[in-house]
Structures are given as structure tokens and as C-alpha cells.
Amino acid sequence: MREMGVARSAKTLLKVNQKNGFDCQSCAWPSPDHERQVAEFCENGAKAIADEGTTKRVTSQFFREHSLADLWRQSDFWLGQQGRLTHPMVKRPHATHYEPITWDDAFRLIANELNSLATPDAASFYTSGRTSNEAAFLYQLFVRQFGTNN
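Residues are numbered in our numbering as their position in the sequence shown, beginning at 1, plus a constant of 26.
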């Protein structure tokens with residue numbers, strides 16, 4: 027409730043795993059064909075929704091103030107409580123801090139790294155279990171277009 031506010035939290039949670047709502051991104055809660063309960067989610071689902079729905083933002087100033095060593099010492103909970111990223115970030119070789127880069131630079135960096143591989147099978151691609159089916163489908167299309175099933 028702290029992350030999204032009472033009204034926004036209630037409105038969002040009432041749509042989780044409902045016919046005209048959305049699937050919980052953190053679990054495999056069953057989706058019955060017929061009658062559904064008002065609260066078709068677990069505690070972890072509610073936490074994941076709060077994390078995703080937060081209005082807090084982590085700006086580039088945050089990464090100027092916190093080194094990688096500082097961040098390494100923090101818990102996943104603390105890191106999640108800081109908010110969502112506002113820019114693509116990169117860690118340069120030997121750097122002690124992440125730095126923001128533009129989307130164009132981020133895509134260029136990724137393309138350069140992928141194109142420098144000896145074969146497409148040298149790449150491994152990973153996506154979160156919290157990714158929607160639609161996003162995962164598009165991601166696997168990209169991976170296969172690149173030339174691998176990894």
C-alpha cells in the first residue's frame with residue numbers, strides 16, 4: 027500500500043488473475059475457467075505487484091552516490107525499495123559505479139557485443155520468470171532471429 031497508495035493498490039490487486047485482468051507475474055496461481063475469487067493471488071504476488079507498480083524512481087544521481095561495493099552490501103529488498111531505473115545503465119571496465127547511457131548507446135553496445143561473438147551459440151539469453159507470455163514470445167523471436175536457441 028505504501029508503494030502505490032490505497033486506491034491504486036486495491037484497484038490493481040482486484041485485477042490479478044481475473045478474466046478481464048492480468049496474470050500474476052510472480053507465480054503460477056491457477057486460472058479457473060469459471061468462477062474466481064476476489065483475491066486470486068498470494069503474498070508474493072502482492073509484493074511483486076507493489077515492486078512493479080512503485081512510483082519511486084532511481085535517477086543517475088543515485089548511482090553517483092552509491093558505488094558497486096555499496097550496492098553489493100544491500101539486500102534485494104532494500105535495492106527494490108529504491109525504485110525503478112530511469113535510464114539504461116552500464117558498468118565500464120574497472121569502474122566503481124554504474125553510469126547512465128542513452129538508449130541509442132545501450133542498443134549500440136549490445137549490438138557490438140553480440141556481433142563480436144564467434145557464433146550466435148556463444149550467446150546466452152535470459153529473461154525473468156515474471157515476464158509476460160507476450161514479452162517472452164517476442165524475446166524468443168529476437169533470439170532465434172539472432173541465430174540461436176540459447
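These are computed hints drawn from the structure, not numbers from a lab. Here the structure is a predicted model, which is why all the values come from computation and not from measurement. Among the hints, erroneous ones may be present.
Only pairs whose alpha carbons sit at most 25 Å apart, straight line, appear in this in silico DSS-like list of lysine-lysine [as the list claims (entries may be wrong)]:
# : residue 1 : residue 2
1 : K82       : K37
2 : K82       : K117
3 : K37       : K73
How the hints compare with the structure:
no.	hint	in the structure
1	K82 with K37	19 Å, holds
2	K82 with K117	23 Å, holds
3	K37 with K73	15 Å, holds
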